[in-house]
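Peer 1: One letter stands for each residue in the lines below.
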Amino acid sequence: MQAYTLNYLQQLEAESIYILREVMAQFEKPALLFSGGKDSITLAYLAKKAFSPGKIPFPFVHIDTGHNFEEALAYRDLLAKEFGITLIVRKVEDTIKKRNLKEATGKFPSRNWLQTFTLLDTIEEFQFDACIGGARRDEEKARAKERVFSVRNDFGQWDPKLQRPELWNIYNGKIHKGENVRVFPISNWTELDVWSYLKAENIPLPSIYFAHEREIIHHQGQLLAVSPFITIDADDIVEKKMIRYRTVGDMTCTAAVESNATTLDEVVHEIKQTRMSERGETRIDDRVTEAAMEDRKKNGYF
Amino acid sequence: MDILRFITAGSVDDGKSTLIGRLLYDSKSILTDQLEAIEKSSKTRGNGEIDLALLTDGLRAEREQGITIDVAYKYFATAKRKFIIADAPGHIQYTRNMITGASNVSLAIILIDARTGLVEQTKRHSIIASLLGIKHVLVAINKIDLVGYSEEVYYSIVSAYQQMADQLGIQSVNYIPISALNGDNFIQASPNTPWYQGKALLPFLEEVVIDDTVNLTNARFQVQYVIRPQTAEFPDYRGYAGKIISGIYKKGEQVNILPSGASTTIRKIEIAGEEVESAFAPQSVTLLLDTDIDISRGDSIIPAEETPQISNEITVLLCWLSEEPLQPFNKYILQHNNKRVLASVKEILYKLDVNSLTEEPANSVQLNDVVKVKIKTAERLVFDSYQQIQGTGAAILIDETSNNTVAAMMIQ
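Taken in sequence, the protein lines are chains F and H.
When the count follows my numbering, it moves up by one through the first sequence with no breaks and lands on 302 for the last residue.
When the count follows my numbering, it moves up by one through the second sequence with no breaks and lands on 412 for the last residue.
Any given hint could turn out to be false.
[Unchecked claim] Subject to a maximum C-alpha distance of 30 Å in a straight line, what follows is the list of computed DSSO-like cross-link-like pairs (lysine-lysine):
1. F/107 / H/123
2. F/161 / H/123
3. F/161 / F/177
4. F/55 / H/82
5. H/372 / H/346
6. H/199 / H/80
7. H/199 / F/161
8. H/135 / F/177
9. H/28 / H/82
10. F/98 / F/49
11. F/161 / H/372
12. H/250 / F/55
13. H/331 / F/161
14. F/272 / H/199
15. F/81 / F/199
16. F/199 / H/268
17. H/80 / H/28
18. H/268 / F/48
19. F/240 / F/98
20. F/298 / F/107
21. H/80 / F/199
22. F/272 / H/82
23. H/268 / F/49
24. F/48 / H/251
25. H/268 / H/251
26. F/102 / F/81
27. F/48 / H/250
28. F/107 / F/81
29. F/49 / H/250
30. F/49 / F/81
31. F/177 / F/55
32. H/43 / F/298
33. F/48 / H/82
34. F/298 / H/40
35. H/43 / F/199
36. H/135 / H/28
37. F/272 / H/40
38. H/43 / H/80
39. F/177 / H/250
40. H/346 / H/123
It is worth saying that the hints were derived from the structure and are not from the lab.
Predicted model, so just to flag it, every value in this text is computed and none were measured.
Hey, can you work out the whole structure from these sequences and the hints?
Peer 2: Here is the structure:
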């Protein structure tokens, strides 16, 4: 007899596919924000399933900070080609010039804050009414509060004190012109769920997610890759180490972990053992204030 | 391994966020850096002890005021189960956020401060739990240390709550004396409460049998989206995508398209592009039908022998979620899964008095009111009573001008 039950990964997958289809049904011009990281890769594969045998019916948008890992960009282009989707790339560099924005300075000059300008300009340029993102609620405590359908005002701002009720799986994406909705289909997935899913589905990943040798420096207990985007001071010790990335963001604000894990099995095993959170171990920009993420979201960040 | 989704509810300061913090802490689900971060901010806030509530109070305004404004979702797993927790606000002003959290869980932990016993919000949250059909309620009588671990206090609260639960018709209620601050009866039986014979909190959550698993008898499906690739490879493909709300769908089965009544046969069932012989709730699937008939988003595809209700008049229990009072006879948009129709409230049958649990006559509906009303819709809905099939008995009202979600409704 067939057992009519789903394991937890299948349950999460069914929920995410439902949300992705709901975006297509409720909005005129959605887009998927694609960074080349594991969460947006998971979204891309879920979207493929959701609209099969049709093509993914919305474009992918990459907000290119100019501080990317080469491997993530190569993966992005390959995936776009393979899936036959339209890839829209907009560069933070261009926004900086156009709007005369001031770049962050210092040892690790992050463009994390500036990419919000480019994102909002891109939403305006293409008149996107919904942007699908790969944020998860387990990542960070402000994200833990956000709805699956997160309504943003004309300025892209999130008002955490005035979120719409979101009942059962009935999603209300009705908005006024000029507003837009950020949709997070994998809200309920944890980091381990994402890794377990990538493994179960045998989904290829950019090579930086697996152990490789790289030149790094130590900074406040974190390992930062040597790149043209950061300043190497005289007292920095440059070392070669076997590392992998747990998260893929900008080279200026993403730290690596020491590892010998070269397969998904080994990575999943390490994630199960770790006593450090993903953001805590890999992001250097969240350390600034307790409310760093909330503040960014209030300003239009995804 | 399965997932248990639960909510923590109760009044302000009953210790909901601390309970979750303690659960995560004692189950070793708080990671080193997260713990360091809350240790640091506990210090700067001047309270010597680690404030576990800081783990879930993710908004600046919440930390400033020491209250929870909106639901926070937390995730943890033990060897036995995965857990998704919704930490709900206790303040009456944020009841709608509590309802948001409560609509997707199968168990509610209602916290009660042992010193104060049942208060209005305990009742309000219990009513909501019962309206939403949450079958399992665990009453955590917290701060038991502050009443000297008194058995007498514990049992007087148990008997007061049980009386209310009987009135509300909540089926399965369990009780547990705890101290979220000290961890009494969290992981194992506390030596401070030798008179308590039940399970500790975490073992209870790991072992409680959740019997509200999806209904596999009555098949229900609403069209969410029509997939039409219109490519050289699939020129005529027309697939009806959606989630199976309940029951099982089989290839070759005779189905009716409701509310129109046209009938046809399921030619093919696909999940993510792969053909399957049958599919079941809560899978997201694509149904392909034998004949080309006019079907669009919101239409139901139902096996011929099944008989859901079809009507443009429904009676619902309604929780009003907006600061603006309900305007009877105004048009609202009613969303029933994937179907949106215009609707208006024709008659207010009664309002539930939260304190006495009695039905009172009413001619207005304000924020947080629970009322029974008659609603007329512009088109016919295909539905079941919420009690029978939650997925087809739930609906929301959307304000036409603000686009806000203003009511949660359970069809009777």
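Peer 1: If a hint holds in the structure, say so; if it does not, say that too.
Peer 2: Hint check:
1. F/107 / H/123: Status violated; Cα separation ~55 Å.
2. F/161 / H/123: At roughly 25 Å apart (the allowed maximum being 30 Å), residue 123 of chain H and residue 161 of chain F satisfy the hint.
3. F/161 / F/177: holds (22 Å)
4. F/55 / H/82: violated (34 Å)
5. H/372 / H/346: holds (11 Å)
6. H/199 / H/80: holds (16 Å)
7. H/199 / F/161: Violated. Residue 199 of chain H to residue 161 of chain F sits at ~37 Å, over the 30 Å cutoff.
8. H/135 / F/177: Distance of about 41 Å is beyond 30 Å: violated.
9. H/28 / H/82: The hint holds at about 14 Å.
10. F/98 / F/49: violated (39 Å)
11. F/161 / H/372: Measuring from Cα to Cα gives roughly 29 Å; hence the hint holds.
12. H/250 / F/55: Satisfied, since the Cα-Cα distance of roughly 26 Å is no more than 30 Å.
13. H/331 / F/161: The hint holds at about 27 Å.
14. F/272 / H/199: Between residue 272 of chain F and residue 199 of chain H the Cα gap is close to 28 Å, so the pair holds against 30 Å.
15. F/81 / F/199: With a Cα-Cα distance of about 22 Å, the restraint between residue 81 of chain F and residue 199 of chain F holds, given a limit of 30 Å.
16. F/199 / H/268: Since the Cα atoms of residue 199 of chain F and residue 268 of chain H sit roughly 29 Å apart, the hinted pair holds (cutoff 30 Å).
17. H/80 / H/28: holds (14 Å)
18. H/268 / F/48: holds (19 Å)
19. F/240 / F/98: Given pair residue 240 of chain F, residue 98 of chain F is violated - Cα atoms ~39 Å apart, limit 30 Å.
20. F/298 / F/107: holds (26 Å)
21. H/80 / F/199: Holds: residue 80 of chain H and residue 199 of chain F sit about 21 Å apart, inside 30 Å.
22. F/272 / H/82: It holds: about 14 Å lies between the C-alpha atoms, which stays within 30 Å.
23. H/268 / F/49: Holds, at about 16 Å.
24. F/48 / H/251: holds (23 Å)
25. H/268 / H/251: The given pair, whose Cα atoms are some 6 Å apart, holds under the 30 Å limit.
26. F/102 / F/81: violated (35 Å)
27. F/48 / H/250: holds (24 Å)
28. F/107 / F/81: Roughly 36 Å separates the two Cα atoms, so the pair is violated.
29. F/49 / H/250: holds (20 Å)
30. F/49 / F/81: holds (17 Å)
31. F/177 / F/55: The given pair, whose Cα atoms are some 27 Å apart, holds under the 30 Å limit.
32. H/43 / F/298: At roughly 27 Å apart (the allowed maximum being 30 Å), residue 298 of chain F and residue 43 of chain H satisfy the hint.
33. F/48 / H/82: Holds. Residue 48 of chain F to residue 82 of chain H sits at ~27 Å (cutoff 30 Å).
34. F/298 / H/40: holds (24 Å)
35. H/43 / F/199: violated (41 Å)
36. H/135 / H/28: Answer holds: residue 135 of chain H to residue 28 of chain H is near 28 Å, not above 30 Å.
37. F/272 / H/40: Within the cut-off at roughly 26 Å; holds.
38. H/43 / H/80: Between residue 43 of chain H and residue 80 of chain H the Cα gap is close to 35 Å, so the pair fails against 30 Å, i.e. violated.
39. F/177 / H/250: violated (42 Å)
40. H/346 / H/123: holds (28 Å)
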